[in-house]
Amino acid sequence: MSLLVAEGLSKAFGGVHAVEEVSFAVEPGAVVSIIGPNGAGKTTLLNLLCGIYRPSAGRILVEGRDLTGRPPHEFAAAGVARTFQNLQVFFNMTALENVMVGRHRHERRSLAAAMLRPPALAREERAARAEAAELMRFVGLADWLEAPADALPYGALKRLEIARALAARPKVLLLDEPAAGLNPVETQEVNALITRLAARGITVLLVEHNMRLVMDVSDRIVVLDYGRKLAEGGAAEVRADPRVIEAYLGAEEEADAA
Amino acid sequence: MGALALVLAAAPFAFTNNYHYEIAILVMLNAVTCVGLNLLIGYAGQISLGHAGFFGLGAYGSAILTARYGWPPLAALAAATAGTALVAYVVGRPILRLKGHYLAMATLGMGIIISIILVTEERFTGGPDGMSVPPFAVAGFALAGERAWYAVCAAMLVAAVWLALNLIDSPAGRALRALHGAEIGAQVSGVDAARAKLAVFVLSAVFASVAGSAAAHYAGFITPAKAGFFHSIELVTMVVFGGMASTFGAVAGAAALTLLPQLLTVFKEYEMVMMGAVMMGTMIFMPKGLVPTLAARFAGGGRR
Amino acid sequence: MSAEFLQFLLAGLTAGAIYALVALGFTIIYNASHVINFAQGEFVMIGGMTTVSLAAAGLPLPAAIAAAVLAAAAVGLALEKFAVEPARGASVVTLIIITIGASILLRGLATLVWDKKIHALKPFSGDAPIRIGGATLAPQSLWVLGVTLVIVLLLAWFFNRTLLGKALLATSHNRLAAQLVGINVRRVLLVSFGLSAALGAIAGILTAPITFTSWDVGIMLGLKGFAAAILGGLGSGPGAIVGGLALGIVEAMGAGYVSSAYKDAIAFVVLLAVLFFLPGGLLGRRGAERV
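Protein chains in written order, with this note's numbering: chain A, 1 to 258; chain B, 1 to 304; chain C, 1 to 291.
Be aware that a few hints might be false.
If you want the footprint, here are the derived chain C segments under chain B, 3+ residues with CB under 8 Å [said to hold, decoys possible]:
id, region
1, 83-90
2, 215-229
Subject to a maximum C-alpha distance of 35 Å in a straight line, what follows is the list of computed DSBU-like cross-link-like pairs (lysine-lysine) [claimed, not checked]:
id, chain 1, residue 1, chain 2, residue 2
3, C, Lys122, B, Lys99
4, B, Lys99, C, Lys117
5, B, Lys268, B, Lys288
6, B, Lys268, C, Lys117
7, C, Lys166, B, Lys99
8, B, Lys99, C, Lys263
9, C, Lys116, C, Lys81
10, C, Lys122, B, Lys268
11, C, Lys263, C, Lys117
12, C, Lys166, B, Lys268
Just some of the chain C residues that point at chain B, by a computed CB distance under 8 Å [as the list claims (entries may be wrong)]:
id, residue
13, Thr94
14, Ile97
15, Ile98
16, Ile104
17, Leu112
18, Ala255
19, Gly256
20, Tyr257
21, Val258
22, Ser260
23, Leu271
24, Leu282
By construction, these hints were calculated from the structure, which means they are not laboratory data.
Ideal placement from N, C-alpha and C gives every residue a C-beta, glycine not left out.
Just need the whole structure built from these sequences, with the hints factored in.
In structure tokens form, the structure reads like this:
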């Protein structure tokens, strides 16, 4: 069974059709990239796939369960985790606490238990801290364990969001332009990180503009243009597709050659 | 926290007359309300301009059940608290869907409606002049006298602070703070925003309600003004003045702004002018609040 | 139409016109600065009280009225300069506390400058009641409705035909863009506050002969005017007017037919109802959050 299925997804904002009739499936353990020009609807698509937007039409299935129209926390409960292009970091907390929030779906939510702090809860807290610290090391943030979130530089914050997403032990990880705004060294680190994640068997759905990264890590690529799916296939296939070249890659290749 | 307990234990030695006890008790009851309100405003990032309404509901709940229906005070306290929690739950669900100014105004409206009801239903509440409240007694043992009440209120405050601190440093607490920090990020991490906001709203209402019940029994009297718009604003100002997202800030703010009017009576007719000036001045020059601003000043970049 | 119904309707329209003026004041300030000005009611109070004391001191009524409106406008400018501007970019809660602090300050000053008593202003053209279809109308009510109409027309002309008015509108739609086309946003803010204060003052003067005036008359009027602005749609000028009139009528009908004891609560019940079911108000717009 596919892990994540989008069926005829559409989203319209008034007269603007941001996403139109997009369908694809993500198999467990795969790395799928979504590419396309700016305004093609990539971020909107991600927002739909984690419940931030409600689709105007179509269905979303996570592990066969229909989650269309459900709120974001139910998507999270189903195992969908996501990072943000424009960062949704909790600057009012420490970096470690940010990552700990990622665990939320596995934690005890009750206010009463929280206030009374029984020994079981205290033990869980210690375990949670340790796990969060481990995740921060995994993404390369060992230097920032004690820091407040607002002390981290931009590149580190992007990795912090990935650590937070991983804390949820997700079934599928949605990454929204993880390399945007990063220098080549940082981009290599993200590349390596995604490869490590894939090696661990985590399913990744990646929105990216950086073609080198995309071609390197992706099992399959979905191309969007003006909200519609333009093409889908393996890296070589998509790279050679004339429609894709015309809409998007053409300029990119010239820039690469230059 | 140990420091707080120490201060509370030591303070009475500085008191030379009953008036000091009275003020201290007033401070502590406001502080309990503010600790709860701070969870809502400072940590969860919501607003409430009507919290005195919950204080009033708790106070009048206890008052009416004990004075008019002869309930034992402990049972009345439990019932009043449960009733206030229910009101907060029912009203909170639609209100907390709102944000920013709209949320502020909705809570304002709620608070005013509560206070108008308390004034108008004279048969139960004694109307604008208020009603008297029997003393708090458990199993025939009445709680009377400044010292006894001081001890009880100090215990309440310590308990409130302990509960609040535990909550903040817990998964539920982090969820709330995350909602404040980046609501969408929190939701995507699995936080049920609506449920979490409602929970903290009801919790803060409970804090206010219990403080209200205690205030009613202590004073032996309760008036609708305690549920009114000004008391709501006072409470919010205490929280913001002390420093949002700081439990001890909330206590400090309650202390400062309860003591301030007492000091300002020196100014007699200038009291209102001074109060307004203080509110404006602190918000303009110390928008982070007293405790965080001082902490930053003395620590050279303190913790959040 | 029964005489009773007409009576309530006329009373409601009169009160509604006052609410509309106060609501307009809120709207103009909110549009320019995104600040909810809790001190709006105090402008109403200043208008009424200043007029009363100047008239009592011997000034002819028109002069007293003019002076009172100018005084209120000056207070509005001061409020912008000393309270709102220093707090640019502060959070919603902070700004709310600042304007509430300002309203407390102004009320305190009012008790010092004047007193805590209730004052009446003489009706502008006598108080011989006019009979309309079995209902009675005080001549002052006609003043209220007439002046409000004139003001609304003047404001429409101001916003649509004058450069300054258009600058205010532009700033309310997109502050940055307005700055980029050379609009002095600081000046726009000052004008907004001054204008709102003047509107509030006029409302206070118009209503003083009917509802009397005192140091704390601004509290309820401010809050109800605010409810009217939300009812009509926060940020919408026509909405403020529609909201004000609607609120006045609903209040009068409610007080007359349902319960007069809860008259004051009606405005807040309406407020909550609007916020729960139609937050954009009757004429407002809906927005969506971008991620």
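Tested hints:
1. Against chain B, the region 83-90 of chain C contributes 4 residues with a C-beta closer than 8 Å to a partner C-beta. That satisfies the three-residue criterion, and the hint holds.
2. Only residues whose beta carbon comes within less than 8 Å of a beta carbon in chain B count, and the region 215-229 of chain C has 4; three or more means the coverage holds.
3. Only pairs whose Cα atoms come within 35 Å are accepted, and Lys122 of chain C paired with Lys99 of chain B is rejected, the gap being roughly 44 Å.
4. Distance restraint check for Lys99 of chain B and Lys117 of chain C: the Cα-Cα separation of roughly 39 Å exceeds the 35 Å cut-off, and the hinted pair is therefore not satisfied.
5. For the hint linking Lys268 of chain B to Lys288 of chain B, the alpha-carbon distance of about 30 Å falls within 35 Å, and the restraint holds.
6. Distance restraint check for Lys268 of chain B and Lys117 of chain C: the Cα-Cα separation of roughly 18 Å lies within the 35 Å cut-off, and the hinted pair is therefore satisfied.
7. Distance check on the hinted pair: Lys166 of chain C and Lys99 of chain B sit about 30 Å apart at the alpha-carbon level, within 35 Å; holds.
8. The hinted pair formed by Lys99 of chain B and Lys263 of chain C meets the criterion: a straight-line CA distance of about 28 Å does not exceed 35 Å.
9. In summary, the hint linking Lys116 of chain C to Lys81 of chain C is supported, as the alpha carbons are separated by about 28 Å, within the 35 Å threshold.
10. Our distance criterion of 35 Å between C-alpha atoms is met by Lys122 of chain C and Lys268 of chain B, whose separation comes to about 33 Å.
11. Under the criterion of a C-alpha separation no larger than 35 Å, the hint pairing Lys263 of chain C with Lys117 of chain C is consistent with the structure, at around 23 Å.
12. Of the pairs offered as hints, the one joining Lys166 of chain C and Lys268 of chain B is violated, with about 47 Å between alpha carbons and a cut-off of 35 Å exceeded.
13. Interface hint status for Thr94 of chain C: upheld, as the beta-carbon distance to the closest one in chain B is roughly 5 Å, under 8 Å.
14. The interface hint given for Ile97 of chain C is met, as the beta carbon of that residue sits about 5 Å from the closest beta carbon of chain B, less than 8 Å.
15. The closest approach between the C-beta of Ile98 of chain C and any C-beta of chain B is roughly 5 Å, which is under the 8 Å cut-off, so the hint is satisfied.
16. Proximity of Ile104 of chain C to chain B holds as hinted, the smallest CB-CB distance being about 4 Å (cut-off 8 Å).
17. Interface restraint check: Leu112 of chain C against chain B, minimum CB-CB distance 6 Å, threshold 8 Å, status holds.
18. Given the 8 Å rule on beta carbons, the hint for Ala255 of chain C is violated: about 13 Å separates it from the nearest Cβ of chain B.
19. Using the Cβ-Cβ criterion of 8 Å, the hint placing Gly256 of chain C at the interface with chain B is not satisfied: the shortest such distance is roughly 17 Å.
20. Because the closest C-beta pair between Tyr257 of chain C and chain B is about 17 Å apart, greater than 8 Å, the hint is violated.
21. Annotation: Val258 of chain C was flagged as interfacial toward chain B, and the flag is violated, the nearest CB pair being 13 Å apart, outside 8 Å.
22. Interface hint at Ser260 of chain C: violated, since its Cβ lies 10 Å from the closest Cβ of chain B, which is beyond the 8 Å cut-off.
23. A distance limit of 8 Å between C-beta atoms decides the matter here; for Leu271 of chain C the minimum to chain B is near 4 Å, and the interface restraint holds.
24. Taking 8 Å as the C-beta contact cut-off toward chain B, the hint placing Leu282 of chain C at the interface is violated, the least distance being around 15 Å.
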